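Trainee: So you can see what is in the structure, the chains are spelled out below.
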Amino acid sequence: MNLLSLTIKDASEKLKAGVFSCRELVVECFSNIKKHDKKINAFLTLNEEKAIKKAIEYDGLIKKNKDIFAEKPLLGIPVAFKDLFTTKDLRTTAGSKIIGGYTPPFDATVVKKLVDAGVIIIGKTNQDAWGHGSSGENTDYDATRNPYDLSRVPGGSSSGSGAAVSYGASLVGTGTDTGSSVRLPAGFCNLVGLKPTYGRVSRYGIIAMASSFDTIGHMTRTVYDNAKVLEVTAGVDPYDGTTVPVKVDQYTKTLGQSIKGLKIGLPKEYFVKGLDGKVDSSIKNSLKVLEKLGATVHEVSLPHTDYAMAAYYILVPSEVSSNLSRYDGVRYGLTREVFGAEAKRRIMLGSYTLSSGYYDAYYLKAAKVRTLIKKDFEDAFKTVDVLVVPTSPSLPFKIGEKTNDPLKMYLSDIFLCPVNLAGIPALNVQSGFADGLPVGMQIIGPQFSEQLLYKVAYLFEQETQYYKIRPEFKNG
Amino acid sequence: MAKKNLTREDILHIAKLGNLTLNEKEIELFKKQLSSVIDYINKLQEVNTDKVEPSSQITGLTDVLREDKVDDKRTLTPDQALANTKSKEGSLFKVKAILTE
Numbered sequence: 000m001n002l003l004s005l006t007i008k009d010a011s012e013k014l015k016a017g018v019f020s021c022r023e024l025v026v027e028c029f030s031n032i033k034k035h036d037k038k039i040n041a042f043l044t045l046n047e048e049k050a051i052k053k054a055i056e057y058d059g060l061i062k063k064n065k066d067i068f069a070e071k072p073l074l075g076i077p078v079a080f081k082d083l084f085t086t087k088d089l090r091t092t093a094g095s096k097i098i099g100g101y102t103p104p105f106d107a108t109v110v111k112k113l114v115d116a117g118v119i120i121i122g123k124t125n126q127d128a129w130g131h132g133s134s135g136e137n138t139d140y141d142a143t144r145n146p147y148d149l150s151r152v153p154g155g156s157s158s159g160s161g162a163a164v165s166y167g168a169s170l171v172g173t174g175t176d177t178g179s180s181v182r183l184p185a186g187f188c189n190l191v192g193l194k195p196t197y198g199r200v201s202r203y204g205i206i207a208m209a210s211s212f213d214t215i216g217h218m219t220r221t222v223y224d225n226a227k228v229l230e231v232t233a234g235v236d237p238y239d240g241t242t243v244p245v246k247v248d249q250y251t252k253t254l255g256q257s258i259k260g261l262k263i264g265l266p267k268e269y270f271v272k273g274l275d276g277k278v279d280s281s282i283k284n285s286l287k288v289l290e291k292l293g294a295t296v297h298e299v300s301l302p303h304t305d306y307a308m309a310a311y312y313i314l315v316p317s318e319v320s321s322n323l324s325r326y327d328g329v330r331y332g333l334t335r336e337v338f339g340a341e342a343k344r345r346i347m348l349g350s351y352t353l354s355s356g357y358y359d360a361y362y363l364k365a366a367k368v369r370t371l372i373k374k375d376f377e378d379a380f381k382t383v384d385v386l387v388v389p390t391s392p393s394l395p396f397k398i399g400e401k402t403n404d405p406l407k408m409y410l411s412d413i414f415l416c417p418v419n420l421a422g423i424p425a426l427n428v429q430s431g432f433a434d435g436l437p438v439g440m441q442i443i444g445p446q447f448s449e450q451l452l453y454k455v456a457y458l459f460e461q462e463t464q465y466y467k468i469r470p471e472f473k474n475g
Numbered sequence: 000m001a002k003k004n005l006t007r008e009d010i011l012h013i014a015k016l017g018n019l020t021l022n023e024k025e026i027e028l029f030k031k032q033l034s035s036v037i038d039y040i041n042k043l044q045e046v047n048t049d050k051v052e053p054s055s056q057i058t059g060l061t062d063v064l065r066e067d068k069v070d071d072k073r074t075l076t077p078d079q080a081l082a083n084t085k086s087k088e089g090s091l092f093k094v095k096a097i098l099t100e
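Residue numbers (numbering that gives the first Met the number 0), protein chains in the order written: chain A, 0 to 475; chain B, 0 to 100.
Any given hint could turn out to be false.
Here are some chain A residues pointing at chain B (derived, C-beta under 10 Å) [stated by the list, open to error]:
| id | residue |
| --- | --- |
| 1 | Ser211 |
| 2 | Pro237 |
| 3 | Val245 |
| 4 | Lys246 |
| 5 | Gln249 |
| 6 | Ser300 |
| 7 | His303 |
| 8 | Val368 |
| 9 | Leu436 |
Since the hints were derived computationally from the structure, they do not count as laboratory data. Just so we're clear, the structure is a prediction, and the values are computed from it rather than from any experiment. C-beta atoms are modelled at their ideal positions from N, C-alpha and C, and glycine is treated no differently.
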């Protein structure tokens, strides 16, 4: 079994056919973790004993009933959960030390849905504490490294999930995307990463960062795998009043359908100074592939792009300061001086923008600009079906490169945050490689257009097959 | 808006609002870092937002209510809620006193 190149699709077929067992698959995950994780730091907590027990139980189920896969579509599939996902009886730290000893008594809705679908929990992954970061370096533990080049960041905030799927510790890594946190690690680790429409996937039991922005996504090696997971996680949850009663599509069913006549928009504000030439040319090459598949490319404008980051860095810290107020050392964990530097910065920034005399100038103003940014996208989608933009303006950067300058770190997300302001979905697919490092590309669509995004991404992936390029642990 | 330079007093004030205590090194560091962030976000003042409504619920849902009934399926019993805590007394979480006489 070569876990580095395995997909959910292959694994399910092989488990069904008895080529390998759930137990063998899970043991292989842990053997990769033992081989690589001392250097990569993708995991904060491992679930080895229980995972193997579960795998043995599932092997028994398969033996008894071959049709069990219809009932449990992800039977035996190893999943690594970001540590913002509440997991019953399994330590959940949010990447922070302040709740480093927290073992929840319940499962997040998404965890429950995935477990009911048959997944096996490998462990909990490292992350920028509370989801605050773009590199993984804001963890209160040791920073995760990029399996393609260990001197570089894997992208954050779902850094450990990205690295874990990339190096063969798991077939799915869950993440949350408030501003970039699924798409950036997917882009930096050569994975498919979904930021769903706001309210498509339940937030219940996901430790909150910014409640009007948080979306619950996941990373996989291929588009098919990604669509398969969303079929399980999407939908209305009575425990999250912001989940939207829009039908959940069978996302895998339309993969392979033609995209002839698809109109792709290229927002001119995204292809400007500050974009690395290598990223730019990779995206331009990918557009040629999409044209070959029958799509046409049109320039569009998102006129308020330049203000998106400012609006984001008012609204999100405001919500963060409110959400983190519950960590008061009374009900959970340790006292507030244990917060890491980035959490403190965001709490203070949010306290400032919400404080008396500043609320109108900052929070209210930013909420109005949010309306304008949402409208920019709506206007663009009147003339095109999807937008294609780079995921990051640069290649995966060096560990330590941006840690002393928070503003510089914030601006790594310049192509990602506008999507969260508008509540729309975006999918990171691999655009190619430059200097041996992955280059990510986002396909962005209107609210609830996940099925279309997968359809476009699938044909592109079939044509390019970058997912077959697995990490070689450079500079290890 | 003029270039923003947060003072030491500003930093101590917003730290207090967020119930944070900072050491001397943090006060100096955050003064510099947060000033540059606030300087950056001030560029929003350039945008004309007359007659623009603010957005807070981005998919447009309103008044999502449920029946006012307890759902036992996902309500924790006191024993379940306390199962993983290291500090309890009877069926209660035991915490440090927050009020003093």
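Trainee: Work down the list of hints and note, for each, if the structure agrees.
Mentor: Against the structure, the hints come out as follows:
no., hint, result
1, Ser211, "6 Å, holds"
2, Pro237, "6 Å, holds"
3, Val245, "9 Å, holds"
4, Lys246, "14 Å, violated"
5, Gln249, "22 Å, violated"
6, Ser300, "16 Å, violated"
7, His303, "7 Å, holds"
8, Val368, "6 Å, holds"
9, Leu436, "28 Å, violated"
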